[in-house]
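Peer 1: Chain by chain, the residues:
2 protein chains.
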Amino acid sequence: MTDASDFLAADWGTSNLRVWRLGADGQVKVVRRLPLGVAGLKPGEAERRLRQEIRPALGAEDLPAILCGMVGSKMGIAEAPYADCPAGAADIAQKLLQTDERTFIVPGLRCTRPDGYPDVIRGEETKVLGWLRLDPRRAQGDHVLCLPGTHGKWVLVRDGRIQQFLTCMSGELFALLSEKSVLRPGAPPSDPAAFAEGLKFGAADGPLASRLFTVRSRMVGQGLPGAKAASFLSGLLIGDEVARMPQLLGLKRGSTVGLMGDTHLCALYGPALTARGLKVELADAEQAVIAGLTALHGART
Amino acid sequence: MTDASDFLAADWGTSNLRVWRLGADGQVKVVRRLPLGVAGLKPGEAERRLRQEIRPALGAEDLPAILCGMVGSKMGIAEAPYADCPAGAADIAQKLLQTDERTFIVPGLRCTRPDGYPDVIRGEETKVLGWLRLDPRRAQGDHVLCLPGTHGKWVLVRDGRIQQFLTCMSGELFALLSEKSVLRPGAPPSDPAAFAEGLKFGAADGPLASRLFTVRSRMVGQGLPGAKAASFLSGLLIGDEVARMPQLLGLKRGSTVGLMGDTHLCALYGPALTARGLKVELADAEQAVIAGLTALHGART
Chain A
505 MTDASDFLAA
515 DWGTSNLRVW
525 RLGADGQVKV
535 VRRLPLGVAG
545 LKPGEAERRL
555 RQEIRPALGA
565 EDLPAILCGM
575 VGSKMGIAEA
585 PYADCPAGAA
595 DIAQKLLQTD
605 ERTFIVPGLR
615 CTRPDGYPDV
625 IRGEETKVLG
635 WLRLDPRRAQ
645 GDHVLCLPGT
655 HGKWVLVRDG
665 RIQQFLTCMS
675 GELFALLSEK
685 SVLRPGAPPS
695 DPAAFAEGLK
705 FGAADGPLAS
715 RLFTVRSRMV
725 GQGLPGAKAA
735 SFLSGLLIGD
745 EVARMPQLLG
755 LKRGSTVGLM
765 GDTHLCALYG
775 PALTARGLKV
785 ELADAEQAVI
795 AGLTALHGAR
805 T
Chain B
505 MTDASDFLAA
515 DWGTSNLRVW
525 RLGADGQVKV
535 VRRLPLGVAG
545 LKPGEAERRL
555 RQEIRPALGA
565 EDLPAILCGM
575 VGSKMGIAEA
585 PYADCPAGAA
595 DIAQKLLQTD
605 ERTFIVPGLR
615 CTRPDGYPDV
625 IRGEETKVLG
635 WLRLDPRRAQ
645 GDHVLCLPGT
655 HGKWVLVRDG
665 RIQQFLTCMS
675 GELFALLSEK
685 SVLRPGAPPS
695 DPAAFAEGLK
705 FGAADGPLAS
715 RLFTVRSRMV
725 GQGLPGAKAA
735 SFLSGLLIGD
745 EVARMPQLLG
755 LKRGSTVGLM
765 GDTHLCALYG
775 PALTARGLKV
785 ELADAEQAVI
795 AGLTALHGAR
805 T
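Protein chains in written order, with our numbering: chain A, 505 to 805; chain B, 505 to 805.
Note that these hints are calculated values from the structure, not bench results.
Just so you know, these numbers come straight off a predicted model, no measurement behind them.
Incorrect hints may have been included.
[As the list claims (entries may be wrong)] Restricting the straight-line Cα-Cα distance to at most 30 Å, the calculated cross-link-like pairs of lysine-lysine (DSS-like) are:
id, chain 1, residue 1, chain 2, residue 2
1, A, Lys704, B, Lys704
2, B, Lys704, A, Lys684
3, A, Lys756, A, Lys704
Bound conformation, chain A alone (with noise of 0.2 Å):
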C-alpha cells in the first residue's frame, strides 16, 4: 500500500496533532490523531518526535513531509516567516520552510486589515487554499470563509488566492470571561433561548464590555441561572462577531458565507449568520486541511 509517491501530511497545531500519509491525489492511507499539540511540547520536542516517533508510526521514515499550524512558530520545529497577501498556492509554496532534507512547514500570512491594521494566520490559510481546491466555482470571483475557534478568522479569497482576513477572538474571550471574571456562571452554556437572545443583544449597540457585564447583573440581579447565563455570554459575543464582521468584509446581505469548524461551533455560529442575512455552506475541515496540503505538496515538486 505504500507508494513511492505517498507523503506525509500533518496539520499540528496548538493543541492537537492530525497526521495523514497521503497518496499523491491526497487519498488517505493512514491517518493519526494525537494530543502532541505544540503549547505542550518543550524546544525541540516536535522535531524529535516527528522522527523519532510519527514518521515511523506512519509508516513513512523516507518520505516528504509537509506540515501546517503552530507547528510552523517559535513553539514548534522553526518559525516560517509570513508571507504576505494576496497569497495563493504557488505564492504559498515558494515560501515553504525546509527544516530537513525531507520536510517542509507551511508558512503562516500576514494581511492588511481593512481598518488599517495587521493580521497573521498560521495553519488556516492551508483550509483555506483546500477549500478553494474542492469547487472550482470558487477559483474565481470574492468569497468569505469563516472559520470560528479560540481565535477565529473570517477570510476574504479573490480569484483563488486569500485576498484579506480578520481574527475574532470570540472563542478566548468566552473562555476567559467563563473562567476567571466575575461573569463566570459556573455552569456550562446549555440553553437555546438564552443563547438566542445574547445574539439579539450581540447586535445591540453599546460599549462590548458594558453589554457583557449584564451577564452577571442578570445572575445577580435577577437570579439567571449559570447555565442560561453561559449561553447568553455566548451568544452575545458571537452576536457581536456575526453583526459587525461582514460589513467590515463588505458583505451584502444574501451573500453565502462558507462555514467550517468543529460540529459545536458550526451548530452555533450557522443560524447566528442566517439570522444576519447570510446564506451559510458548511464545509468539512479535515477534508479542506487535506487538499490544502496536497495542493502545496504537489506546487513544491
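Once you have looked at the hints, place chain B on chain A.
Peer 2: Here is chain B on its own, set in the frame of chain A:
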C-alpha cells in the same frame, strides 16, 4: 474631640477599607485605610473585625456606624437588598440594612438600562449622592457622572435622584487580557502615543474581539514592544467605552461629564472624554463618599 454626635463611616469594598470617625456635619476626625477588602475575609470576619478592631481603632465603640460598598453583599457583613431606581438620599436611607443596634449598611441599587437589561451598583451610589450634595446646582436637571474602575459606572442623575446607570467592565477586561490572554504584552502600559492610537481605534467599527486581536498581530507581525502594546490595549478598551457610552445615555457633544476615580484612571479617561467632545469636571471620590455617608446618616437620624 469625640462628640456624642460623631459617627463611624466606612467605604468598605472588595479590596480596601477606608473608615472615618466623622462629626455630624461630615468633618473628618479620624481616618484609617486598611487592606481589609471583603474579598479577602472569611464568613463572619467582617462583622468581628468591625466590632473588635475597627471601632476601637477609631474610638468609635459606641457610635452609630454607616457602611457602604461590598460589605453589603454576601461576601461582607450581610446582604443589603438592592433598592430600585430612581433613588435619592431619602429613598436609600429608608432601605438601610440594620445589622446590630448601631450599625447600618447602605443598599446597592438596581436599575433597568436603556437597552432593557438590568444593572446593579454597590458603593458608587453613595459617592454619587455625596457628589450631588457638594454642589447645589446638581440638585436639578440631568447630570452624568463617570466613575472608571474595574467595573466602571456611568450614572445618570435626574433632579437629585439616581435615575439610571451602566456598568462597563473595561478595567476587568484590561486586567484579564493583559495577564491571562494571548495578548499578554509582558510589560505595563507606558506609552502615551500608543494609548492615543488605541483610543482612536476604540471608536472604529467592527467587533471588539477582532479589534483586540490586533494587539497580538502588531506584536507578532510588526514587532510592537510590550509597553506600547499594553498602552494600545488600554486605549482600545477605554476608547470603545467612551465612544459608545455617551450615546446610550443621550449625552450630546459639548455636555459636561463628572469624572471621579483614582488619579491614574482619571488621567486616562479625562483626555478620552475630551476627545469625544465632552467637557470634563473632575470630582474627588473621597470627599464625595464622605458627603454621601454623612447625608445618609443624617437622613436616618
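Peer 1: Does each hint hold? Answer for all of them.
Peer 2: Here is what the structure says about each hint:
| no. | hint | verdict |
| --- | --- | --- |
| 1 | Lys704(A) x Lys704(B) | holds (27 Å) |
| 2 | Lys704(B) x Lys684(A) | holds (28 Å) |
| 3 | Lys756(A) x Lys704(A) | holds (19 Å) |
Hint compliance for this structure: no hint is broken.
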